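Student: Heads up: the sequence lines are chains A and B, in that order. Going by the working numbering, the final residue of the first sequence carries number 678, and the count climbs one at a time with no gaps. Going by the working numbering, the final residue of the second sequence carries number 122, and the count climbs one at a time with no gaps.
Be a bit skeptical, because a hint or two may be false.
[As the list claims (entries may be wrong)] No more than 25 Å apart at the CA atoms, straight line, and that leaves these computed lysine to any residue pairs for SDA-like:
1. 81(B) with 223(A)
2. 81(B) with 330(A)
3. 81(B) with 36(A)
No wet-lab data here; the hints were simulated from the structure. As the structure is a computational prediction, the values presented were derived from the model and not from experiment.
These are the residues of each chain, in order.
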Amino acid sequence: MFGRLTLGQIPYHNGIVLGAFIFAAGAGLVIMAALTYYRKWGYLIREWITSLDHKKIGVMYIIVGLVMLFRGFIDGVMIRTQQAMADGPHSAGHLQALHGYLPPFHFDQIYSSHGTIMIIFAVTVVLTGFQNIIVPLQIGARDMAFPYLNAVSLWLTAAGAALVMISLFVGDFSHAGWVGIIPLTELPYSPGVGVDYWDWALQLSSLGTTLGALNLITTIVMMRAPGMTWFRMPFFTWASLSTQTIGLTAFPVLGVALALLSSDRYLGTHFYTGGMGGNLMLYTDLFWIWGHPEVYFIILPAWGIMSEVIPVFSEKALFGYTVMVAATLSIAGLSWAVWLHHFFTMGAGPGVNLFFSVSTMLVGIPTGVKVFNWSLTLYRGRLRFETPMLWAIGGLILLLVGGLTGMMLAIPAINYTVHNSVFVIAHFHMMFLVSVYGIFAGMMFWFPKVFGFRLDENSGRKFFIFFSLGTATTFSAMFTLGFMGMTRRLDYLYDPHWQPLLDIEEFGIFLYCVAVFYFFKMIYVSLRDRAKESHGQDVWSTSRTLEWMTLTPVPYYNFAVIPEVHGRDEWASRRESGFEDSGPEEYEDIHLPKSSIAPAVIGALAFGFGFGMTWRIWWMAGLSLLGIIGVVILRSFADQSGIVLSADAVRRMEQKPEGTGIITDHISPPVAELEALS
Amino acid sequence: MSAHEADPLDHPEVRHASPLAYVSGYLLSVIFMAIALLLTLRHTMHYLNFIIAVSILAGLALLAQALLMFRLDLSKSQQWKTFSLILVLPLFVLSVGLTGWMFHTLYPRTMMHFMQVQGADM
Chain A
1 MFGRLTLGQI
11 PYHNGIVLGA
21 FIFAAGAGLV
31 IMAALTYYRK
41 WGYLIREWIT
51 SLDHKKIGVM
61 YIIVGLVMLF
71 RGFIDGVMIR
81 TQQAMADGPH
91 SAGHLQALHG
101 YLPPFHFDQI
111 YSSHGTIMII
121 FAVTVVLTGF
131 QNIIVPLQIG
141 ARDMAFPYLN
151 AVSLWLTAAG
161 AALVMISLFV
171 GDFSHAGWVG
181 IIPLTELPYS
191 PGVGVDYWDW
201 ALQLSSLGTT
211 LGALNLITTI
221 VMMRAPGMTW
231 FRMPFFTWAS
241 LSTQTIGLTA
251 FPVLGVALAL
261 LSSDRYLGTH
271 FYTGGMGGNL
281 MLYTDLFWIW
291 GHPEVYFIIL
301 PAWGIMSEVI
311 PVFSEKALFG
321 YTVMVAATLS
331 IAGLSWAVWL
341 HHFFTMGAGP
351 GVNLFFSVST
361 MLVGIPTGVK
371 VFNWSLTLYR
381 GRLRFETPML
391 WAIGGLILLL
401 VGGLTGMMLA
411 IPAINYTVHN
421 SVFVIAHFHM
431 MFLVSVYGIF
441 AGMMFWFPKV
451 FGFRLDENSG
461 RKFFIFFSLG
471 TATTFSAMFT
481 LGFMGMTRRL
491 DYLYDPHWQP
501 LLDIEEFGIF
511 LYCVAVFYFF
521 KMIYVSLRDR
531 AKESHGQDVW
541 STSRTLEWMT
551 LTPVPYYNFA
561 VIPEVHGRDE
571 WASRRESGFE
581 DSGPEEYEDI
591 HLPKSSIAPA
601 VIGALAFGFG
611 FGMTWRIWWM
621 AGLSLLGIIG
631 VVILRSFADQ
641 SGIVLSADAV
651 RRMEQKPEGT
661 GIITDHISPP
671 VAELEALS
Chain B
1 MSAHEADPLD
11 HPEVRHASPL
21 AYVSGYLLSV
31 IFMAIALLLT
41 LRHTMHYLNF
51 IIAVSILAGL
61 ALLAQALLMF
71 RLDLSKSQQW
81 KTFSLILVLP
91 LFVLSVGLTG
101 WMFHTLYPRT
111 MMHFMQVQGA
121 DM
């Protein structure tokens, strides 16, 4: 009846997991109690869960991503703490571990979930959220091209994230690394459910990402405001277009790689086994055909954010816009020809390694162009070091460290020497942290636009400072350990000489913990003082692109009248010409999509499908799949005409915009109107 | 609102539907892939000729599916899809080609029995 699921699969005997469960269950209960006490269930479902508004979907993406970022961070803390405790033959063991406090099987799951979560469910998801919110605003659109599909993408991603989270409390997570080390992921080597959790979580979220890519590309190609030619598009939109082109083409490869692995595990095929005509190296090849473009899928939007933030706080236009666009497109193109540098040591011929070495180094050219262009934007600018700018410049510095160590790794001879050492780990953390710095730059930068009040500058600065100190401390020690020969994924470290550097890494993690404290403080203080921190449409006074033209917080219809674009940096040129206060002469009716519960139901059923497949509860998987098909068919019969907001109503709201933003203390007009109609 | 938005049956893509094309597309692609499967199972061709033959058959199956089943052409309703497919082709060639090259140099170094499959001139 319940496949392989039994009560014994709940690891209540593990003190760490039990503690995490009590924390998660307690937090969940508090949230549910608060929703019940303040009678917000209706608001939550009607305004958020069923919403097709791209801004709300973007915010929900970011919330999912931040929750996962926090979980991934805790995994990181656990990894570093284990390694600091388990160095040398005389290191003590606690909680049934011979050394440190984590037995090897548990430690393996922690580093696998850390990588999977940080890459797939944190950074990717948060950046998708930013693109969801900002791209339609930057191109002067009312919503995404396919609002319903947008919500489906979100809930599929959320279903994948939920699978990862539930694996913490029911069964195990994969112990085969975030890359799915083959043949460890094959059934004989991993007979448990861990690999299946990882497999289905990735499948569901990558489906969501692919659909999201389709949506964003269509939005950018088809829905730009009149006058917004290709070379008048804001740079973040260009970065998004390049990113999503990568996403649309690369993610299906991951789908195929995992589908073949699933066939091996569920149907007994031999795609990746050594015998019977299979080829385990094919998995590694397929995984990285997706995996390296995924690196640029993560980094390009962050560079897009930096390219928006640096000009605003340098008070001048982005230097070399056209070249920047060309560089971004070049990186997107090159991303498809570099993947083999992830396995130089597999044993391919020198000609192959040379080709991929050169192609990897070629990425350095457009990336270098970007660094020079950002530097020249800063040069002789009127620089203001508010928090978004701090994060953007921090990202720029990390990019130099990550980029130069990447060039080292592009040389096969060096790669052979440091392969699988923590030098590689430190390198790619530098690159992913560029994305994280971009994320926080974007959060500080656009938060006031979306919510109508600024984040607290004082605790925001402390957050930045401690985060940067943590980064420098942890990863300078890790680079050194890599050169000293420490390999990755070690639950026990045999060389006592590494202890001082492992302690430095642990201290760096402590600094990160302080940074997390200031992050939460920043959120708390900002919410508490939101009335004092509220502001007009352009909080930074030097913003340049279309999203700053509309009201703050952004009304649910985005623009009362779709703006006519006359040049690049439209808002900056209007402000400089004194036209920033000129409203539209006449308003027009606005067509908006109706809310729908279908996407959230599809997400819930997708979770049921993934959970059923993981535990081999066939009836659950089958019914969930049938349910998804049924919901899609039912939805196709529903009235999809949307709602029309009259020109008079728009005028009234533009003159008195209270309550039209993303957060309201009541049911917002479009939802109320929709419910009145039905 | 254009006509096809009012009635889905008037949508240009729906108007493209043709049972004859679907069936012939299906049959042709099955035939091409069956021939490729037979060639693979029988090992009768020389390695290089075999690779060329299977690649040509794959191309023919792709064409049959793109033209007859997906009805891709340059009409207004289909041009973006045709354009997307053409854009993906270089990536397809790049990823499959480079993968083939990689394995071609990898096998002699790691999996000796494949040398027999590929010929001793490797």
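Student: Hint check: residue 81(B) vs residue 36(A), CA-CA at most 25 Å. Holds or violated?
Tutor: Roughly 48 Å between the alpha carbons, so the hint for residue 81(B) and residue 36(A) is violated.
Student: If you draw a straight line from the CA of residue 81(B) to the CA of residue 330(A), is it 25 Å or shorter?
Tutor: holds, 23 Å
Student: Between the alpha carbons of residue 81(B) and residue 223(A), is the straight-line distance 25 Å or under?
Tutor: holds, 18 Å
Hint 3 from the list above is the single one not met by this structure.
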